[in-house]
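Chain residues, written in single-letter form:
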Amino acid sequence: MKNLLRYIITRIFLTIPMLFFLLTLVFIILRIMPGDPVSAMLGAHAPESVIEQKKEELGLNKPIGAQYIDYLNQLIHFDLGDSMIFKQKVIVPIKEKLPATVELTVFGMLFTLVFGVFLGAYAASKRRTGRDFSIRLYANVVYCIPVYWMGLMLQLVFGVWLGWLPISGRVSPRILVSTFENTGFYTIDTLLSGDLHAFIDVMIHLILPSVTLGIVLSGIFVRLTRANMLDVLRSEYILAARARGIPERRVVYKHALKNAFIPILTMMGLQFALLLAGAILTEMTFSWPGMGRLLMERIYLRDYPTIQGVIVVFALFVSLVSLLVDIIYAIIDPRVKY
Amino acid sequence: MKRFFTLLLLLFVLIGFTYATGTKEEAVQTLVYGTTEKVTDLDPASAYDFHTWEIFQNIYQGLLSYPPGETNIVPGLAESYSANAASDQFTFKLRKGLKFTDGTPFKAQAVKWSIDRVMALGGDPSWLVTDFVKSVDVLDDYTVRFNLKGPIAYFPALAATVPYFPVNPNVYPKDKIVRDPSELKGGALVGLGPYKVVSFKRDEEVVLEANPDYYGAQPKIPRIVIRYFADATTMRLALEKGEIDLAYKTLNPSDIADLSKNPNFNTYKLSGPYIRYICFETSESVFKDKRLRQAIGALINRPEIIEKVFLNQNEPLYSMVPKGMIYHTDDFKTTLGDGNVALANKLLKEAGYSESNPLKFDLWYTPSHYGDTEVNMAEVMKAQFEKSPLVKVNIKSAEWATYKEQWKAKQMPAYLLGWYPDYIDPDNYTAAFAGTTGSKGMGINFSDPEWDALFKKEQTNTDPKVREEVFKKIQKMWTDECPTVPIFQGNLYVFTKKNVKGVKIGPTLIFNYNSLYFEK
Numbered sequence: 000m001k002n003l004l005r006y007i008i009t010r011i012f013l014t015i016p017m018l019f020f021l022l023t024l025v026f027i028i029l030r031i032m033p034g035d036p037v038s039a040m041l042g043a044h045a046p047e048s049v050i051e052q053k054k055e056e057l058g059l060n061k062p063i064g065a066q067y068i069d070y071l072n073q074l075i076h077f078d079l080g081d082s083m084i085f086k087q088k089v090i091v092p093i094k095e096k097l098p099a100t101v102e103l104t105v106f107g108m109l110f111t112l113v114f115g116v117f118l119g120a121y122a123a124s125k126r127r128t129g130r131d132f133s134i135r136l137y138a139n140v141v142y143c144i145p146v147y148w149m150g151l152m153l154q155l156v157f158g159v160w161l162g163w164l165p166i167s168g169r170v171s172p173r174i175l176v177s178t179f180e181n182t183g184f185y186t187i188d189t190l191l192s193g194d195l196h197a198f199i200d201v202m203i204h205l206i207l208p209s210v211t212l213g214i215v216l217s218g219i220f221v222r223l224t225r226a227n228m229l230d231v232l233r234s235e236y237i238l239a240a241r242a243r244g245i246p247e248r249r250v251v252y253k254h255a256l257k258n259a260f261i262p263i264l265t266m267m268g269l270q271f272a273l274l275l276a277g278a279i280l281t282e283m284t285f286s287w288p289g290m291g292r293l294l295m296e297r298i299y300l301r302d303y304p305t306i307q308g309v310i311v312v313f314a315l316f317v318s319l320v321s322l323l324v325d326i327i328y329a330i331i332d333p334r335v336k337y
Numbered sequence: 000m001k002r003f004f005t006l007l008l009l010l011f012v013l014i015g016f017t018y019a020t021g022t023k024e025e026a027v028q029t030l031v032y033g034t035t036e037k038v039t040d041l042d043p044a045s046a047y048d049f050h051t052w053e054i055f056q057n058i059y060q061g062l063l064s065y066p067p068g069e070t071n072i073v074p075g076l077a078e079s080y081s082a083n084a085a086s087d088q089f090t091f092k093l094r095k096g097l098k099f100t101d102g103t104p105f106k107a108q109a110v111k112w113s114i115d116r117v118m119a120l121g122g123d124p125s126w127l128v129t130d131f132v133k134s135v136d137v138l139d140d141y142t143v144r145f146n147l148k149g150p151i152a153y154f155p156a157l158a159a160t161v162p163y164f165p166v167n168p169n170v171y172p173k174d175k176i177v178r179d180p181s182e183l184k185g186g187a188l189v190g191l192g193p194y195k196v197v198s199f200k201r202d203e204e205v206v207l208e209a210n211p212d213y214y215g216a217q218p219k220i221p222r223i224v225i226r227y228f229a230d231a232t233t234m235r236l237a238l239e240k241g242e243i244d245l246a247y248k249t250l251n252p253s254d255i256a257d258l259s260k261n262p263n264f265n266t267y268k269l270s271g272p273y274i275r276y277i278c279f280e281t282s283e284s285v286f287k288d289k290r291l292r293q294a295i296g297a298l299i300n301r302p303e304i305i306e307k308v309f310l311n312q313n314e315p316l317y318s319m320v321p322k323g324m325i326y327h328t329d330d331f332k333t334t335l336g337d338g339n340v341a342l343a344n345k346l347l348k349e350a351g352y353s354e355s356n357p358l359k360f361d362l363w364y365t366p367s368h369y370g371d372t373e374v375n376m377a378e379v380m381k382a383q384f385e386k387s388p389l390v391k392v393n394i395k396s397a398e399w400a401t402y403k404e405q406w407k408a409k410q411m412p413a414y415l416l417g418w419y420p421d422y423i424d425p426d427n428y429t430a431a432f433a434g435t436t437g438s439k440g441m442g443i444n445f446s447d448p449e450w451d452a453l454f455k456k457e458q459t460n461t462d463p464k465v466r467e468e469v470f471k472k473i474q475k476m477w478t479d480e481c482p483t484v485p486i487f488q489g490n491l492y493v494f495t496k497k498n499v500k501g502v503k504i505g506p507t508l509i510f511n512y513n514s515l516y517f518e519k
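Chains W and U supply the protein sequences, listed in that same order. In this text, residue positions in the first sequence follow numbering that gives the first Met the number 0: the first is 0, and each later residue adds one. In this text, residue positions in the second sequence follow numbering that gives the first Met the number 0: the first is 0, and each later residue adds one.
Since the hints were derived computationally from the structure, they do not count as laboratory data. All the pointers check out, no bait thrown in.
Cut-off 30 Å, straight-line C-alpha distance, at most; resulting in silico cross-link-like pairs (DSSO-like, lysine-lysine):
| no. | chain 1 | residue 1 | chain 2 | residue 2 |
| --- | --- | --- | --- | --- |
| 1 | U | Lys175 | W | Lys53 |
| 2 | U | Lys184 | W | Lys88 |
| 3 | U | Lys348 | U | Lys386 |
| 4 | W | Lys54 | U | Lys407 |
So here's chain U without its partners, still in its complex pose (with noise of 0.2 Å):
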C-alpha cells in the first residue's frame, strides 16, 4: 500500500516537473486571448452577436470601416462613395487589385452577390440589409450602388456592419446558411481582413494569422490564438497563471475590481454602447397608466445600483442614447432624478394608490442572459422600489428562451432587458423602443403616431441639425410617458500582460487585433 502511493506521489512529481519545465518556445509570436463569448454562424449572413461579428471584422472587411477605437467611418474596400440628391442611392468605388485569401479577385459583382446572398436568406440580421436595401446594381467591375427604399441619413453606418461585408462567392454557398468552415466549399474561410482563419475548432480555439494579401499595414503580431472559456472566473485564474496574454468578455464585477488593482496586468477601461434599462408592458399591464412608469422610473437610484451590484464599474444612464454618441441628452437627471421617493409617492396618489392600497406588481429578470449579477440587481431594484410604502414588488425570474417569449405574451408588466447596438446611431436606440414595431417586439407595446412620425423624420432626413432636433425632442418626451427607463451604461474591461499594447476598442465595440503589439 505504501510503495502504491509512494509511486503515486512520484508519477505525480514527475509529471509536474515536466509540465512545469517543459514549455516549448513559440515558433511563431502569437497572442493569446480569452473570452467567454462563443462564436455562433461563421456566416455574415447570419451571424448576429459581438463576438462573431469581431472576428468578421478582423477576417472580413465592409465597404466603409471605422478606425480601430473610433466612430468616424472610413472607406474600406471602397476607395470613396457618393450618394444622390436624394439619399437614397449610394455607389461604391471598389479598391482595385485586391484579392481574397484563396487568391481570387475581389469584384463588384462579389458585392452585389453577397448582398443578394444575404436579402434570399433571411437570416437573422439581415433586416439590417432588407428593411433599407432595394436592390444592388454593378455599374462595372470596381462600382456597385446600392438602391435604397427610401433616403436614409445613416446608410454609411449600416454598410460598415457585418451583413454587408463580401464574401467569395467561389466559396460560400449561395442558398445555404454556413456555420462552420468544413461546410465551405474548400473548407476554409477566405476573407480580405488583416488576419486569415487556419484553424477553427468550436468552443475550444480560433487561430488566426497574419494576411500576407491585405491591402492595409500588416499586424503586428503574426498569429491570434482566441481561446473559449466557460466562465469568468476560469478565465480570470488563467490570466493570474500567464495561460493567455489578454481576456476580454465577460468577467465578473469582483474579478474586474481585483484584476485592475493588480500591477501585473494593463487595465483597459471602456465607455461601450451597451446599455440597461427596465421595460414596461404599456398596452394591458397595470402599467397602462403612464404616472405609474414614471413613478417607478423616479424610484430608480442608479448610482446605488451601480455602487452595490457592479462595484462602481459602470456609468449612471439619464436616456436611451449612450453617452458618448451624437445627440444625447441626460433629461431622466433633469426630471424624474435617482431615488426621488416624494416625487414617486406624488404620482403613485395621483394614481390612486395609498399605503393600505399599494402598488403590486411583478418585477422579472433572466438568470442566464446578463451575467450572475442579474439576481443582485433585480434585488436592490426591489429594495429602491420599496422605499416608497406606496410600492410591494415581487421578482420573478425565468431563463431566456421563457423570458423572451413572456414579453411577447406580454406576461411581464416590468422587466430588465439590455441592449447592443446593431449599428451606431441614436435611431437603433430609441425607434426600436418606442417606435410602434420595435415597441411591440420588445413586448413594450407602446405606440404613439406622433412619436412614429418623429422616427420617419429622423430616419429619412440626412441633415444634423434636423436629426438633433428630432432626437432631443424624443428624448425629453421619453422621461414623461417612460416606455423604458434607462438604468446604466456599461464599461467593457479588457485586461492584457504588461507587455500587451494597442487595445483600441471604440464604442462601435469594434476590436480591431491589427492594433495589438507585443511591447519589448
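Just chain W, with the same shape it has in the complex (with noise of 0.2 Å):
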C-alpha cells in the first residue's frame, strides 16, 4: 500500500512537466496560426488605434516569450486566465461544458466496455466459427469507420428515417433544463430532482452519442479481449474447471474472462485520450453542448487562453484516468507491485 502511495505521488508529480510540455506545444502553434483573437473580436470598423489597443490590454503586444512566462504565472497559481473574447474566466464556460462531455465519454466508455469486453469473450469462446468471423470483421470494421461518419449513420438510420431517437442536444426542447439543473450531470440531476421523465428524456438522449463513441472504440476491445481470452481460454485452470463440469458460460464469463481483464483495463486507460478525441467530433455531429464544442468555437475565435484552457482540462483528465486505471490494475491484481 506504502509502495502504492509512493507510486501515485511519483505520477502525480510526473504530470507536470507532461502538462508543461503540452502547453508549450499549444501555445506555440496557436501563437503561429494565422488570425489572432483582436481581428476576430472587432468588428470591420475597428480602426488601428483600438485594435492597437485591445493588444496591449490582452498583452498580446508582447513578446511570444512575455506572454508565455505571464500564461505560466498564472497557472502556478491555479488560474486558466480570462478568454480574449468574451470577457470572463476561461473556467466559466469549462465548468459549464466539462459534465456534458464526461457524461458522454462516461457512457461511451461503458458501451465500449460492455459491448466490445462482451463480444470479445463471445467471439473466442466460438473461435473459428461463422460467429467468431462476424464479430471479428465487425472488429476491423468499426475501427476503420471514421467517429463523425458512424455520427451521422445512426442519426439518419434511428433517428431520421425510424424516428426512434433523438438526434441532437442532451434533453428534449420542451423539457427545461432549469427545473432540474443542478450539478450539470444531466443524469443525476433529473434523479436528484425526482423528474423521471426527464431523466429517460436524457437517457434517450446519451443513447445514439454515447453508441456512436462507443462502436467506433468496441472494436479495439473486440480484437484485444478476444486474444485474451483465446491465452486464458487454454491455460490449465480452465481445463481444471471444464473437467470439474463447471458449464461452459460460467467457464468463459467468470472464471476465464475475469484473467483476461487486466490487459483490457491498461488498454481503458490508454484509449481514454481517443475517447475524448472522438468525443469532440461526436459532439459536433450530435450538437452536444460540451467541451468539444467550446473548443472548437474558440478556436475559430481564437480565444488562446480558452483554447489552452480547455487542452489543460482534457490533459489532466486523461492522466487521472491513467492514474486511476493503474489504482485498479493494483487493486486487482496483487500479483502486481509498485
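Starting from the two chains in their separate frames, assemble the complex, guided by the hints.
Below, the structure is given as C-alpha cells:
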C-alpha cells in the first residue's frame, strides 16, 4: 500500500512536465497560426488605434516569450486566465461544459466496455465459427470508420428514417433544463429532482452519441478481449474447471474473462485520450453542448486562453484516468507491485 | 448471449414506449423557438449580433422603437421626442410610472447612466453612440437630452438601436461588461420589455416569460423557450418531429425548399436587409484599375447564382442600398447588367488584357461565416468570370479569423462578404464601404474626397430631398467606381407549426415575440 501511494505521488509529479510540454506546444502552435483574437473579436469598423489598444489590453503586443511567462505564472497560481473574446474567466465555460463531455465519455466508455468485451469474449468462446468471423469482421470495420460518419449514419437510420431516437442535444426542447439543473450532470440532476420523465429523456438523448462513440472504440476491445481470452482459455485452470464439469458459460464469462480483463483495463486507460478526441467529433455531430464544441468554437475565434484551458483540462483528465486505471490494476491483480 | 440481447431489446422497447407516451402536459402555454444563432454578451454595451439584439428587443426597450414588422419609428420608453433647429440636440420625454422587472422605477437618470456606461466601456457597438453623441443631460426625472457631435439626420434610427437601451443601474456593473446573468447584481436580467428572462443556459436554452409590469399589451404566449442548435439539419428535424414550434435562422437552402413544400408548416418569407457583395482591394491589388472592377462586376450573373446556389430563395441586388429601403435604385442593372461578357471583354481589352495575357486573380471566400453554400457561390462565380476568355480565377479560402486579418493586410484582391446593417439607413450600406474610414476597415481601401463630401452631406442634412439626391448620385457613381459590386439581397425564412401565427419581422430584422400567438 505504501509503495502504491509512492507510485501515485510520483505519477502526479510526472504529470507536471507532461502538462508543461503539452502547453508549450499548444501555446506555440496557437501563436503561429494565422489570424488573431483581436481581428476575430472587433468588427470591420475597428480603427487601427482601437486594435492596438485591444492588443495591449490583452497583452498580445508583448513578445511571445513574455506572453508565455505570463501564462505560466497564471497557471502556477491555478488560474487558467481570462477569455480574450468574452470578458470572463476561462474556467466559467469549462465548468459549464465539462459535465456534458464527462457524461458522454462515461457512457461511451461503458458501451465500449460492455459491448466490446462481451463480443470479444463471445467470439473467443466460438473460435473459428461463423459467429467468430462476423465479430472479427465487425471489429475491423468499426475500427476503420470515422466517428463522425458513424454518427451521421446512426442519426439517419435511428433518428430520421425510423424516428426512434433524438438526434441532437442533451434533452428535448420541451423539457426545461432550469427545472432540474444542479450539478450539470443531467442524468444525476434529473434523478435528484425526482423527474423521471426528464431522466428517461436525458438517457434517450445519450443513446446515439454514446453508442456512436462506443461502437468505434469497441472494435479494439473486441480484438483485445478475444486475443486475451484465447490465451486464457488455453490455460490449465480452465481445463481443470471444464474437467470439474462447470458449465461452459460460467467457465468463459466468470473464470476466463476475469483474468483476461487485466490487459483490457490497461488499454482502457490508453484509449481514454482517443475517446476524448472522439467526443469532440461526436459533440459536433450531435449538437452536444460539451467541451468539444467549446474547443471548436474558440479555435475559430482564436480565443487562446480558452483553447489552452480546455487542453489543460483534457490532459488532466487523461492523466487522472490513466492513474485510476493503474490503481485499479494494482487492486484487482495482487501480483502487481509498484 | 441470446438472453442478453433479448433483455437489451426489451429495455429499448420499454424506454421507447415510456418516452413516446410520457409527454407531460405543459403547465404554462409555451412556444419553443429553435435557432442556430448564439447569444453573445448579455450586455447592450457589448453585444453586437442580431440574435442577442433580438433578445434585448424583447426584454428591454428603446426610447424609440419599431412596431413589429414595420420600419416607421414610434415612441418606446419615451412618449415623445423633439429636435432643436440645428438637429444636434434631441430631447426625449419619458413615460411615467414604468419600472424594471425588479421593481426599480425607470427614470431619466437610468438613461444617462446607461449611455455613459456604453461610452466608457467601449464595447463593440459603442461606436453607434460615441461617433454621434457628445453627452447626455438629465433635465428632470422624466426628460433627457442627447447633445450630439453634429447634426445627425438619422439619430432617431440610432436611438432605437440596442446600445441606446437603458439598463438598470442597480443591477449592471458600471465598469465591467456582463456576459452571463450570473455576473449581474441579483443574478438575473431585469428589463422593461414585454418578456423577462427566467432562466439562461448558454448554448442550450433561454426561457422567457411575459413581464406582468410591461406598459404595453401583454404577450399572447406566456412563455417562450429558445433552443439552440449546432446545425441547421438538426433544427429542421426537430421542427419536423414537432420538438420545436418555430425555426428561424438559419436553415440550409435545401431545407428551406423542402419545408416550404410541406403542408404541415407555415412559411414566412421575409425580405431582409441582409446583402451579399464582392469587395475589391482598390489601393494596391490588380483591381486598382477601376475598369477591371467594372469588368468583373459585369460578368456577375446574379439570377444564375441565386438559382444554382440558393435555389431561387434570394433576390438579385443592383445597388448596395437594399430593395425596400428609402432611396434604393437599380443602377447596376442598367449599367453593367448580368453576365455581360461583351462589356467585360471590352473593358479588359482596354486595360491591356488578352486571351494570351488574361487577367489572373484570386477570389477569396470564407467557409466559416456564411454557411455551407459559400464554396458553391465561389465556384459558380469563378465559372461566370471565366466565361470571358480574358479572365482566369483561382479560388482560395480562409476561415473567418484569418479572412479578417487578410483583408486588413491587403492580401485578398477580390473577396466575398455580407452585411447586416447596424441601423436602418442607406448611410450604413454606403459610407461603411466607400467612405475613406469605413472602406479601410473593410479592406477595400477606397478613398475619394468627393465621395467623403457626399457622405458628410447626407449624414448631416435632415432634409429628405437633399438626402435622396445625394444617395441617388452615390448609387450612380458606385457603378462607375465599383469599390464593391452587389450580388443579392437575402430573404429570411421562418417556419412554424400550422397553429403558430403572428410572425412579423420587417426590414429592421426585429422579431417581437409578443406578436406571436397560437391559433385555436
